[in-house]
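Spelled out from the first residue to the last, the chains are:
Protein chains: 2
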Amino acid sequence: MVNDTFLKACRREPAGHTPVWLMRQAGRYMKEYMAIRSKHSFLEMCRTPELACEVTLQPVEKLGVDAAIIFADILLPLEGMGIKLEFAKNEGPVIHNPVRTPADIDAIRIIEPGEDVPYLLEAIRMVRRELEGKLPLIGFSGAPFTLASYIIEGGGSRNYVHAKGLMYREPAQWHRLMEKITEIIVRYLNAQIEAGAQAVQIFDSWAGCLGPEDYREFVLPYTRKVIESVRGDVPVINFSTNTGTYLDLVREAGGDVVGVDWRVRLDRAWEVVGDDMAIQGNLDPVTLFGPASEIEKRAGRILEMAANRPGHIFNLGHGVIVGTPVDNVKRLVDFVHEQSSRGG
Amino acid sequence: MVNDTFLKACRREPAGHTPVWLMRQAGRYMKEYMAIRSKHSFLEMCRTPELACEVTLQPVEKLGVDAAIIFADILLPLEGMGIKLEFAKNEGPVIHNPVRTPADIDAIRIIEPGEDVPYLLEAIRMVRRELEGKLPLIGFSGAPFTLASYIIEGGGSRNYVHAKGLMYREPAQWHRLMEKITEIIVRYLNAQIEAGAQAVQIFDSWAGCLGPEDYREFVLPYTRKVIESVRGDVPVINFSTNTGTYLDLVREAGGDVVGVDWRVRLDRAWEVVGDDMAIQGNLDPVTLFGPASEIEKRAGRILEMAANRPGHIFNLGHGVIVGTPVDNVKRLVDFVHEQSSRGG
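Residue numbers (the numbering used here), protein chains in the order written: chain X, 3 to 346; chain Z, 3 to 346.
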């Protein structure tokens, strides 16, 4: 591989520079993306391998990041699970038959990725061919909690009353649901790996609505099971947000890399996560709306906190925000490369 | 005062039981509240002392909490500041002239509480008369950051792009805005105290969108200034959410009591906050949708973590959620009283 800095960092091996990629690096902040999006719905883009491939490669060409991540959505497995998903205009995903009862849990189908998400696997194969070994490709999935709360709440949520309600009122049903979802995610990730994904990231974007004890009891065992079931020696990034007060538990859930958001100092996070795991993060995405001097100052601080230690993957603490100036993103990538290869 | 457990706990003095009150204890989950709300708009209720007084007292009578908190909204000072606020139906507050430019900051008027929020001060006097010294009354305000980000964003926000943008692009303007807001909050709180509030809480509900370094540089000095400027020996509760990864800085901002959310274990929070401050919290509000056994188990765990140490005020980690069964809230209050007076 021409640029294997990302995979080296996942394994905490020294690399020529600190690798950098950005969550949602393929997205609406980029005019090349919008040119395609203006002609196709979001789901059409996900389900058409040529389009997904093209969009996946846009930030690689434009920004010079050190890894590609397949263009997809964490909700893609839902259709195969028997859950009716719609991307309502400007409203985000809406689920018309949310999972609330034991019968709803019974009805969830364990997906067969080859039949249920063939377009995703084809897109992965296509991106791998296009990349010609120049850069690694990351596959991904929602984590069990985030996926479970999505299908229970039936969409976005403020307080997660239904998801937590199931935990608190019917813990046995909660566990049964999480077991099924875990099996689905394991199949989903391993199919991506078989198709060519060289690392995978698990997004637990919503875990931070939980307190530490609920995370430990109702979530951690399933995230761990997913991570342990990932095939071969493909690195796993365990990413979550708003979990900085119990990174010790996130660490316990496992992974080669722990992804952290900007609410925690990178050096403190690393103290908790320990020397045997890599760390990914953690610039506040809003920084990219600031002036260049501020972006460099803040990115520089993060690099200093990582102290050039092998095993740091530079990223934002969450996805690139719509409206982010592309030039600023490019500048960030260049800055991380220059600054870290200077041996600084 | 007949029941001074709350004020004692604020001062870390032993009390007969652990005092408990709940953020948003007067609210839409209660049918007595809805009976009034069905006839008046939210702002009308805030601006009519008789109604605000009645609603303030509802949870005192119904739940047996150990403190009343004046029925009001953190956005009440905005009108006097010259900011046009509207409570749009089902959409929460909308500001039609958000603060974005230096001229907008110039235009902000420093309020005169006696002229700008006379109804609030009158409501406080009225509640004090009605309470006849049986229970203490808490006044409150938004913290400088939460108020600033509200008026910059012009309402609720997902990423706080405008607020952080001002910080990052024009720090001098940010500081100028925060100085004005700080002055306004100090006047607002001291007027409440003069009218009869016996403790005050500062709500920094949105501070948790910031990383620790931004909190330290752009927020902490102003929160501290507010707390230091509160008149007399009235206890101040410094409440914020999602700041559990930098409670050391929240502590530095000061207050007699630090309010914490459920993302942090109470015992760990207290380790960081230290022995010279009281702690308020921290049950996940969604717990109140669970069965009684679960509510008691979880509340019991928090009491155990507080270990009957003087200076614990029991509360939720955030406000009571609409739809919460009132009986469960009542049961929680009773449980905290019984359990803690048992010397357990």
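Simulated from the structure, these hints should not be mistaken for laboratory data.
As the structure is a computational prediction, the values presented were derived from the model and not from experiment.
Treat the hints with caution; some may be incorrect.
No copy labels: a pair is met if it fits in one copy or bridges any two.
Claimed, not checked - Here are the simulated DSS-like cross-link-like pairs (lysine-lysine), alpha carbons at most 30 angstroms apart as the crow flies: (1) K182 <-> K41; (2) K299 <-> K64; (3) K182 <-> K299; (4) K41 <-> K91; (5) K299 <-> K91; (6) K136 <-> K86; (7) K64 <-> K227; (8) K227 <-> K299; (9) K64 <-> K182; (10) K182 <-> K33; (11) K86 <-> K299; (12) K299 <-> K41; (13) K86 <-> K64; (14) K136 <-> K91; (15) K41 <-> K64.
Outcome of the hint check:
no. : hint          : in the structure
1   : K182 <-> K41  : neither (36 angstroms within a copy, 48 angstroms between copies)
2   : K299 <-> K64  : within (23 angstroms within a copy, 54 angstroms between copies)
3   : K182 <-> K299 : between (45 angstroms within a copy, 28 angstroms between copies)
4   : K41 <-> K91   : within (15 angstroms within a copy, 35 angstroms between copies)
5   : K299 <-> K91  : neither (38 angstroms within a copy, 42 angstroms between copies)
6   : K136 <-> K86  : neither (38 angstroms within a copy, 55 angstroms between copies)
7   : K64 <-> K227  : neither (37 angstroms within a copy, 46 angstroms between copies)
8   : K227 <-> K299 : between (39 angstroms within a copy, 28 angstroms between copies)
9   : K64 <-> K182  : neither (39 angstroms within a copy, 43 angstroms between copies)
10  : K182 <-> K33  : neither (39 angstroms within a copy, 40 angstroms between copies)
11  : K86 <-> K299  : neither (45 angstroms within a copy, 36 angstroms between copies)
12  : K299 <-> K41  : neither (39 angstroms within a copy, 54 angstroms between copies)
13  : K86 <-> K64   : neither (35 angstroms within a copy, 43 angstroms between copies)
14  : K136 <-> K91  : neither (37 angstroms within a copy, 53 angstroms between copies)
15  : K41 <-> K64   : within (21 angstroms within a copy, 58 angstroms between copies)
Violated hints, in rising order: 1, 5, 6, 7, 9, 10, 11, 12, 13, 14; the structure is consistent with all others.
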